[in-house]
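Residue numbers (UniProt numbering), protein chains in the order written: chain V, 1 to 465; chain U, 1 to 465; chain P, 1 to 465; chain G, 1 to 465.
Mixed in with the good hints there might be a few duds.
It does not matter which identical chain is used: a pair holds within one copy or between any two.
Claimed, not checked - 27 Å max Cα-Cα, derived DSSO-like pairs, lysine-lysine:
#1 K165 to K297
#2 K189 to K297
#3 K98 to K132
#4 K258 to K132
#5 K322 to K98
#6 K189 to K98
These are calculated hints, taken from the structure and not from any lab test. Predicted, not measured: the structure shown is a model, and the values here were computed from it.
Protein chains: 4
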Amino acid sequence: MRFLPKLERKFRHWRKLKKSPLLRKLDEFCESVRKQGFEQTSKESVHSLKSDEKKEKELCYKRREQFLYNGSFHEAVGNVLLIAQCFAMMPVRGVTAKHPSSMSFAWRNLRTCCCLLFVASMLVNLGLTIYKVLVGSITINNIRPLIFKSSIVVVCLTALNLARKWPELMMDWHRTEVDLPQYQTQPEKRRMAHSIKMVMFVGMMLSFAEHLLSIISAISYASFCNRTDDPIRNFFLLTNDEIFFVLDYSLPLALWGKLQNVYSTFIWNYMDIFVMIVSIGLASKFRQLNDNLLQFKGMHMARSYWSERRTQYRNICTLCEKMDDAISLITMISFSNNLYFICVQLLRSLNSMPSKADAVYFYFSLIFLIGRTLAVSLYAAGVHDESRRSLRYLHCVPKDSWCPEAKRFAEEITSDMVALSCMKIFPLTRKLVLSVAGTIVTYELVLIQFHEDENLWDCVNSSYS
Amino acid sequence: MRFLPKLERKFRHWRKLKKSPLLRKLDEFCESVRKQGFEQTSKESVHSLKSDEKKEKELCYKRREQFLYNGSFHEAVGNVLLIAQCFAMMPVRGVTAKHPSSMSFAWRNLRTCCCLLFVASMLVNLGLTIYKVLVGSITINNIRPLIFKSSIVVVCLTALNLARKWPELMMDWHRTEVDLPQYQTQPEKRRMAHSIKMVMFVGMMLSFAEHLLSIISAISYASFCNRTDDPIRNFFLLTNDEIFFVLDYSLPLALWGKLQNVYSTFIWNYMDIFVMIVSIGLASKFRQLNDNLLQFKGMHMARSYWSERRTQYRNICTLCEKMDDAISLITMISFSNNLYFICVQLLRSLNSMPSKADAVYFYFSLIFLIGRTLAVSLYAAGVHDESRRSLRYLHCVPKDSWCPEAKRFAEEITSDMVALSCMKIFPLTRKLVLSVAGTIVTYELVLIQFHEDENLWDCVNSSYS
Amino acid sequence: MRFLPKLERKFRHWRKLKKSPLLRKLDEFCESVRKQGFEQTSKESVHSLKSDEKKEKELCYKRREQFLYNGSFHEAVGNVLLIAQCFAMMPVRGVTAKHPSSMSFAWRNLRTCCCLLFVASMLVNLGLTIYKVLVGSITINNIRPLIFKSSIVVVCLTALNLARKWPELMMDWHRTEVDLPQYQTQPEKRRMAHSIKMVMFVGMMLSFAEHLLSIISAISYASFCNRTDDPIRNFFLLTNDEIFFVLDYSLPLALWGKLQNVYSTFIWNYMDIFVMIVSIGLASKFRQLNDNLLQFKGMHMARSYWSERRTQYRNICTLCEKMDDAISLITMISFSNNLYFICVQLLRSLNSMPSKADAVYFYFSLIFLIGRTLAVSLYAAGVHDESRRSLRYLHCVPKDSWCPEAKRFAEEITSDMVALSCMKIFPLTRKLVLSVAGTIVTYELVLIQFHEDENLWDCVNSSYS
Amino acid sequence: MRFLPKLERKFRHWRKLKKSPLLRKLDEFCESVRKQGFEQTSKESVHSLKSDEKKEKELCYKRREQFLYNGSFHEAVGNVLLIAQCFAMMPVRGVTAKHPSSMSFAWRNLRTCCCLLFVASMLVNLGLTIYKVLVGSITINNIRPLIFKSSIVVVCLTALNLARKWPELMMDWHRTEVDLPQYQTQPEKRRMAHSIKMVMFVGMMLSFAEHLLSIISAISYASFCNRTDDPIRNFFLLTNDEIFFVLDYSLPLALWGKLQNVYSTFIWNYMDIFVMIVSIGLASKFRQLNDNLLQFKGMHMARSYWSERRTQYRNICTLCEKMDDAISLITMISFSNNLYFICVQLLRSLNSMPSKADAVYFYFSLIFLIGRTLAVSLYAAGVHDESRRSLRYLHCVPKDSWCPEAKRFAEEITSDMVALSCMKIFPLTRKLVLSVAGTIVTYELVLIQFHEDENLWDCVNSSYS
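With the rest of the complex left out, here is chain V:
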């Protein structure tokens, strides 16, 4: 089932059709100029390009420069990191620079300070939450805010650590990328960047919609419980109950809590998106190699061709391992968080909802959660799927060209397990989807069978947020 990438491809196609005519013309013009250049090269004749032609081309290139893609991961991921930095994550300087060597990390930087400030503020909030949980009873539903907030703190710290290693990692990507067989056309080079942007865009939109719905649901619930006369106060008392369990109500505190809540929600969604983006990057590098293998599929290739491809494959594998080491803690937290929240939501699903707004929010949130978990699993599994696909082309090597180098290449693909993993404990492949689904279904079956209404929605012991 590759419906997610398919959806994406269709969307891209639709965008191309809707593209502004001006941009399209520019595109076509440059494309034709580029082709001319190619034809000249292929004819192997040296034409003296007149000065005005050159000028025109230069102009065109300058104007187009900012629209041209070189197909690197650094370039594709730049804006995604920029957005993350607005929410106190990944404080690296120069994420949108042309070349990865321009990036750097420094502790005495505004971004880093913001990040540390947020972590500190989050730790205070976490302390209040722990206090509230310990005073009450510990159930699988009540520890929800505790798990949510501690995950956020751990992810922030991991991201901080990752930011320190990020410039070095991007240089590794760069070295691997320049060595790979290059795409010739702009659409091919643009592909990965567009996939990443689409995932970021759709993920953020859905997460925004979910947050809005959560606010509406909270307002409706707050008015239902009606602790005080002030509706705004009711809302903040409900959503920041861990703060006002200890302290008296005050608007600044409420706003501080709300801001934290917004940031946390972003980070909570961003960690899943981040895993997806890295997976897309790695899978697209394997696809770049596979596209080259596909181009020469079944042809008689020299030994050196296979030896070169094998080295490139090996380089991507090494890159994959390095990225896995760097982000596996985030992957781990993302997966366990998703599983835990799905289980909790399923537990709540058996109770009657106090209002329509709650029901709508609840079901949207549950479907969003399951969809996000599936998306992370499938995109992460894409790395493994893409890495195995090379074997298919090696099986089509004709009898006479079957050299030791091709054989070694095939054996290495067979014996290697190339995939992102959760702390190297289990690889992220499509089988994982089965395990996840199996776990959820088993849990749900047990729940349904032995269910007694526990009234998780009462006003006093509310574990809302």
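Let chain V serve as the given structure and place chains U, P and G on it in line with the hints.
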């Protein structure tokens, strides 16, 4: 355990014995003529066949033409698809044509329109069902009609999509088949087609019996509940409860509901049969190759022999992958549906039955369900088993003939995982049977241990259909 | 953990020490004579053995002939089958003949008739049992006699079918065995036969002890319930409750029931023992090959040596597959039966026992059941373990002798999965022990956690036997 | 996740910084002298070292001798075994000797006698415990002391058996080690010994802390229950309840019970530490080989280089198998014990604690238990991880140096499963962590869902110790 194919083989043997003497004679005659032809070729001598002999042969061939098999999947599956088209599925033109290139798909075709009409009508019915479920309480038993009907809709749409790709897929089959080592005798060529017909026939008969029993059981149950004085009305009120929950009773509506029910039941059974048929087709192609390998087992073969076999094996693998991509959604729905319905039936098995008719229907239906699931699993696993069997013949290659091509063949079989799959999440092998059995037993154990009679058979909140 | 084979080996050692001095002397004498013969051959000198020496040897050989082992499976398994035939199983003629070609199967044989008679009588009993179960309530505990008796019937029929194929299978063994590198000394040749006899002896003794305890327990329980004044009648009423539930009490019927019970118990134990014995046979054939590989470990061997060993290894694999096909239904029933009975016994273990005798029987029976299951698993896993051990010797082939034949041998061992299996669904390896243990522990945990005393030992609804 | 080894490395680094300046100077001096020696060798010129220089070196070597490491496992594990001997385990003579050949085992040795005495005394205690358990009701919580004590007895006996084989095993290690490529610098040689010492130290400290807390908790609990007026008597009555359930209270008996308790606690912790230490040893041998492969990564090496490395790899594999055979019973008991105790503690975690001291002890003990289990799993998995790492360097062999020997090396690593195991039933790899975590989470979920307070902390039926 290969008892299913064995059963089949025995049945075939029995049929052969019971075959009308006329047909058998014709068979023998043609066989002898064909042999003569062979002998002449083998002697490499050119005899001038007399004109009357020729005529006789021509006559014979013309008469026999419609009975002769070429052993292609397209030919074997033709009638099966024709039956499916009577029940608004797989609207492809020319399914019974001699050559797959005659097939085509068109939107402006009667079959396609029928199919779309049925889907539309089914969607209306589904809407009514959803309404009834949402108004009542959601339990694992109550959502049964919902899951049943939504599966039917999804399968219909998938089949429509598959119909569009079918002509192309059949051409792929054709290209692979003509390249394979051919069988020499009619019985060998007929084998696959007969297996497919047997599966279709037995499956349809059992499904028909189950439907009849379900009607009898419903009549008995309707008279037990006795809502009105009219027994026919009672029956329709019971079996179409989702319609008359919203609308008033009227005979046309009741008939519409019944027709839908008949079609749905057929499609529900057909999806399992379809997966089995495709599995038989793929497995028999691997068997065709294996039979050739078996013929030359342990002999000294040329390098080119192994190289050719390897390419053919590769082609079947590619075909297998294409078919898997095309039908994996149907496989997925078939499997999850079967598992869900077995669990629901087991849950109901603990309650006391209101009448003998219900008990007979219930146990027949449960056994039919489990048998069907096992049959799908075993036939689907047959593809993998057959694909691995080639390795056995490669192990018997004598020392002196062990060439790089044979080695490469063996290595590719070892490193490949050739099998149908559920959305590429898990392959359909014999281990699956264990997982399925394990799941069912675990669920049953939990059920028995904690069972309290929930009276699922009461008249008011009936979730009968 | 190889404690079972170890135990065996120790026991064998102990037996050797305790062997009667006469037999030992005879042994030593013949051994020395055999050695002389060898030395003469090694010296490659032709001595004219005097006539009296020759005579002496001939005499000795004739006397010893019946004690000498040729190390074949047919010879080792002869007595085991003979015992089985006393209990209406495996009706093959000539099981104790010197050569497997003397064996035959015939329908018109006393043994076969006995076997068919027993099956018929068992089917009547099964019918009565089904009637009693259907009248009562169906729980996991009540269907115990039903499952027990239907297993016995299926095993008997499978054994009958196996008996038909047995002469052919033994010829396959024979052909494989004569081709293998032969052991030189009597103790080595005797090893397999002794293992098999030990397993048979210990298994039968334990099963006999268990049956005695069961009778004692039944007597004590019968006196506790005290339906009538006659203790013998009470006993038979209890142990044959399925008969006297329908018919009135009469002594012949009671004796018929008891006889059936004794036969069933034997067969129930014998099927496990049979799986173990076949496993020992196959494992010892692999060991015979491995012992030869060990002997030449690390030496420089010719290409032909490896080619020969590979062919022999392949032959044993083929034999293993054939045996697996023949007995896999018995293996399946044996395993599922053991698992089911362990679960039922664990369920009963939570109830208080009515008397000491019951408690002793109960715990002895539970431990015997678990021990037997473990023994079957470990012996069956031995085939796989032994088959993989060859790889270890191939890893020690020195650099210069590493020829393509050795490579092919190593690759085939790596790519093959040689093991007995349950209907080819899952192979019997050591991992199975984990799954079995896991299943039992999980079930026990669930039981303990949610246990309510269900009084399974009451007199009226007794499900004793 | 390799945080444990990382932590260790950081700790080591910190220790290096804190090292006394004197020792560091000595270190530097010797290092420089050693380097001089090397330079002289590398220049291949023979300098006549003056007599005073020689003397100085000799002096330095003598003084340093006791600080110098040769990097052998025997040397590293010496002190660890010495400590174990103080607690009646592993009675081998000469564990701290320079050379493993000095070690020996004798039955008529003080250590062996101590060990046997302890086992005998433990068996008496175990008998009393069995009596107490059988009189009371058998629940998962009540059989805790039974399982604890029987594990201790089995581990002691296994250790005794291991002690007999230990001198031979150490000679195997020695032979493997001298053949491996040697480290050149002291820090590299010291690495393994330091890891082992750290694990021993941290493990013992935590176990000591846990025991202290357990005493405090028991005192608090004893005063809460208050059976008699004497607090000391109360304490002993509580912690040795199995003794005073049968016998009257007396101080000598109480002290005997306490001593046994201390010894048992040590052994209970030591078995986990022992598995970790052996794992560190084996993993570090693989690392030693890998470090050599890393050094020559990507270079053009001779065929003999690969052949030599392969033999060395094979030797470590064989060693690994031998060690696995020797300690797999201890591994088994360690794992099952940990899992059982975690489950029991989780079951208790749902009850309210009688006092703060109990709560602190309880949570410390639970976290210690989980941490210890994780540590054992990760260290044991390290052997497998390290053994697979060689493959990475083989993938980087350049095209021209890719010889049959390198190929064979790669194939053997791919086809082998090198890891410690539990009785060869399942290998200890990182996937195990997932299974363990999954089991715990499932159990906890079931517990939480169906929990009813069972008051496991009542005074009368206390199952405290």
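Okay, the hints, checked on the actual structure:
| no. | hint | in the structure |
| --- | --- | --- |
| 1 | K165 to K297 | between (38 Å within a copy, 24 Å between copies) |
| 2 | K189 to K297 | within (21 Å within a copy, 34 Å between copies) |
| 3 | K98 to K132 | neither (48 Å within a copy, 59 Å between copies) |
| 4 | K258 to K132 | within (18 Å within a copy, 40 Å between copies) |
| 5 | K322 to K98 | within (23 Å within a copy, 42 Å between copies) |
| 6 | K189 to K98 | within (15 Å within a copy, 46 Å between copies) |
Going through the hint list in order, the structure does not satisfy hint 3, though it satisfies all others.
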